[in-house]
Each structure stands twice: as C-alpha cells, then as structure tokens.
Amino acid sequence: MFEETIPGGWNWSHRLKAGTALRLTDLEGGACAAVLLYNPLDYAERYNMPDTLKAQFISGVGLGTALYSDMGRILATVIEDSVGGHDTIAGLMNREGLAKRFGYKDYQAHRNAYDRSGADALLTELGKYGLGFRDLAVPINFFCRLVIDAEGRTSFGPTAPVGATVTIQAEMDCLVVVAATQHPLDPRTSWQPRPARAEVFASQIAPEKNPAWQASEQNKRGFENTRRYQI
Amino acid sequence: MKVRNETILKTVVPAGEPWMHEIKRGQGLRIVDLEGNQAVDTLFFAAADPSERYSASDTIVGQGNIYLGLGSKLLSNHGRPMLTITADTCGRHDTLGGACSAESNSVRYPLERRFMHNCRDSFLRALRESGDPRLVKRDLPANINFFMNVPFNPEGGSAFADGLSAPGKYVELLAEMDVICLISNCPQLNNPCNAYNPTPIEVTVFTA
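Here the protein sequences line up with chains A and B, keeping their order. Residues in the first sequence are numbered consecutively from 1, following my numbering. Residues in the second sequence are numbered consecutively from 1, following my numbering.
Hints are supplied without guarantee of correctness; some may be wrong.
[What the hints assert, rightly or not] Below, a sample of chain B positions facing chain A; criterion: calculated Cβ distance under 10 Å:
| no. | residue |
| --- | --- |
| 1 | 61 |
| 2 | 66 |
| 3 | 86 |
[To be verified] Covered stretches of chain A (in silico footprint by chain B; criterion: 3 or more residues with CB under 8 Å from a CB of chain B, positions within the stretch not fixed):
| no. | region |
| --- | --- |
| 4 | 68-81 |
| 5 | 85-93 |
| 6 | 156-166 |
| 7 | 196-204 |
| 8 | 220-228 |
FYI, nobody ran anything at the bench for these hints, they're computed from the structure. Quick reminder that beta carbons are idealized off the backbone N, C-alpha and C, glycines included.
Bound-form chain A, shown alone:
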C-alpha cells in the first residue's frame, strides 16, 4: 500500500489499523529499528516489555511473538521474521550518552546529518501526539540481538544481515512509533545509525492462522481479550 525509507537517525510513526502489517527492512545491515506501540484510543495503554516476556516465557522477540500491551491485549504479532531474537531489554541511547561516547554533531555544522539519539528521535515523534518522557517505555530494538549468558551478563549479538526483514501485524488499531537508530551496545566507534524501510500493507491473517495463536494457550487468551475490546 505504501513504503517509506526512514533514514538513519530519524523517526516515523503510523496508526496501523487492525489487520494491517508493517514490514521493516534492514537495508544496509546493522540497523536498529526501535519500535514502540500505543493504543490510539488511550495512550496510557502501551507496549509492555515485562508482560510480553513473561506471558510467553521468552527473552527476545521473534516469529510468533505477540507484542502485549499492559492491558492484556495484543497490539501486534510478529508474522514474518528473517532474523529472530530481537532485543527488547536494552533500551535506547540518549543524547547525553551519545555525546559522552562519540561527541555530538550539531545541525549548524552538519545540517541534516546532525546527531539524533534513539531517545530524541522517539521523543520527537511522541511529542506530536502529546506524549513525552513519561511515555517512553522500553522499545523493541528490531534487528539487534542481546546475548545473555548463564550468569546474566549481557553483550551485543551479531548484527542482522543486509536485507533482513521483520513484519508485524496489528491485532488492534495501534500507533506504531519507529526510530532508525543505533543500539546502546553496538560496538561501533561512531554514531552512524542505519536506515530502515517501512512498508505498510493489508495482511488480514486471522488469529487461528497466526503463528502467535499456535504458540500458546496464553496467546489464545490474549487474542480473546483483543477480540472483545473491538466489539
């Protein structure tokens, strides 16, 4: 239905209607597409990382993962995924952390190549909906993997290959906010967030055919809560 390339460092949002899908593509390899989701009828309902992890006994997001809100509803499901194990723990780099680590490139000197941290990019987009710092939850960092060892120690996983894709289908109308950013644990020595392509299209995968439905009884109940909400 439409596609748009989000340049590295930039923010984008779309109100994804139920049954519509968003495919993200890592165009150059090494992207980090930070995604947050909100209920457009009530922004206080938003993607909730702990509820998502514990309902599905997962440590990362992948094919068949339901992205839960804090109200027991499924905002979106991962219906296609060429990578798997997307991080939803490590959060975002902010401007202070970026400046400390890499120095800061301002607009005066660098024009549209100025530095936009992941937090700044998401907050810029959230501000357009009247949302702010209090609404900045832990996002999904698509295309990035967080490795956790047996002692709980964290490290950055291998970057996704060029052309990697992940697709989410909205199970209820949801506001999707995206920043094409760089992961806080990415070991690169400069701030050079990579672009991500966003494609929005009709998908209409019925719950019973959704890999998230098949994954667990918990998700079947999540789908039921989501169905009731839309009556």
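Since the structure of chain A is already known, use the hints to place chain B on it.
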C-alpha cells in the same frame, strides 16, 4: 555528628499491600523477606521530578547484567544513579518480570483470573492515595522484583522459578538522590514467585 544506622521508620507490610515513602539522599532502605520467597515489586521516582524514575534498561546496560545484586547501581531513565544495593543476602533479584496485573493474569492464567488481587492494582491504589498528580498509570515503568527468581536461558527463553530467598533474607540500598519508593508486596497466587503463599515483609528507612 551524624548518627549512623538510626532507624527513621520501620514497618511490616502485609502481603497484598503497597508502601510508599520518601527516602532522602544518604538514607538507607532495608527490605527483609520475613518468611522467605516473597516477591517485592519496587519502583523509585526522583522526589524532585518523578518523571525521572527507575529504568530497568538503563540499569541493565549500565552494569552489563540482567540480574540485580550487591553493588548494583539502580539508574534512572536519565541514566543517573538513584540508589546502590549495599547489602544483599539473597544473591539475585529480577528486573524483567514486571508487576502482575488483572489483565496480565487473564492472559497468563484462565481468563477469569483477572478477578484476583495484583501488584498493578496496589501500585494504582498507592498513587491514588498519595494524591500526587504527577504520578498516574502512565508513570509505572518496568519495576524491580526483590527476592524473585526469573532465570533467563542463554539459549533463549525465561521462566518463573522457585525462589532463591529464605526467611530473614534482606536487601539494603543507599539513596544517591532524594527518591520516592513505591512497593507492592506481591499478592500473586498463580505462580511460584511467592511460593504460592504471599507473606509480610519488613521495611526500614535508616540513616546510613
């Protein structure tokens, strides 16, 4: 001369109750798991501006580990140290399991279990009764679960496991800034986070 280790307040928080109190910079907080294996859902807000609050992701990235324990610096969503864990006889605490809610209970367990007491209800009650207009539902981020064991498998996956805690185990924290501490002493009966038997905790605020 400052008196050290002087109790400012000490109280028992029964299972299913919240507790909310200011802790000044330089003061200590001790939470005792009186009967063992009790999950204590905990949040911290900067007293000066509570839009600054405990951040699980900043804390995990800051220390390079998903588990909290002795020495852990609890960072805010501005990346600033809020408290440090200065004593810990349990060994490991969770910060990815979140707070139970009526709604998440209806997903994790049969639908009708949405009608069971839960931490999010306790958090909301505490915020409501505090009368602080700066703290409402949208201000509840991913919390700490003291004494709770949520192992993450290196191959992927996580679980809610039997606790590592025991009667009398405790954790102590030192406030690095003036904070508001919000605790829900978890009432969850559907999984082993409270060993299926929610029990009281003791909280003490003291001069450190």
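* Asked: Which hints, by number, does the structure contradict?
  -> As far as the earlier hints go, 3, 6 and 7 are violated by this structure, in ascending order.
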